[in-house]
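Numbering (the UniProt record's numbering), first residue to last: 1 to 58.
Worth flagging that the hints you see were computed from the coordinates, not collected in a lab.
Ideal placement from N, C-alpha and C gives every residue a C-beta, glycine not left out.
Among these hints, one or two may not hold up.
To be verified - Between beta-carbon pairs, the in silico distance windows are:
#1 H48 - S12: 16 to 24 Å
#2 D47 - S12: 12 to 20 Å
#3 D24 - H2: 30 to 38 Å
#4 G31 - G7: 13 to 21 Å
#5 S58 - E23: 12 to 20 Å
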Amino acid sequence: MHKLYIGNLGDSVTAEDLIKTFEDHKIPYTGQFLMKNGYAFVDCPDDHWAMKAIETFS
1 MHKLYIGNLG DSVTAEDLIK TFEDHKIPYT GQFLMKNGYA FVDCPDDHWA
51 MKAIETFS
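Could you build the full structure based on these sequences and the hints that come with them?
Written out as structure tokens, the structure reads:
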């Protein structure tokens with residue numbers, strides 16, 4: 001698994017928002033989104049999906 005850092009999130013962004021965004025883009029993730037103040041972490045199953053997430057959301 002590959003842990004992704006998701007930064008520059010607004011204060012109103014929730015884990016549910018990130019789940020919907022990942023699902024809308026058909027990017028798989030494992031486990032839960034670990035939310036902090038303005039950022040989050042999530043695991044992707046492999047290199048391919050981690051890079052796909054980075055390319056999609058950058």
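Hints, verified against the model:
1. The hinted window of 16 to 24 Å between H48 and S12 is violated, with their beta carbons roughly 31 Å apart.
2. Between D47 and S12 the beta carbon distance is about 31 Å. The supplied range of 12 to 20 Å is therefore violated.
3. In this structure the supplied range 30 to 38 Å is violated for D24 paired with H2, their Cβ-Cβ distance being about 20 Å.
4. The beta-carbon spacing between G31 and G7, approximately 19 Å, falls within the hinted interval of 13 to 21 Å.
5. Look at S58 against E23: about 19 Å separates their beta carbons, and that is inside 12 to 20 Å.
Comparing the model with each earlier hint shows violations of hints 1, 2 and 3; every other hint is respected.
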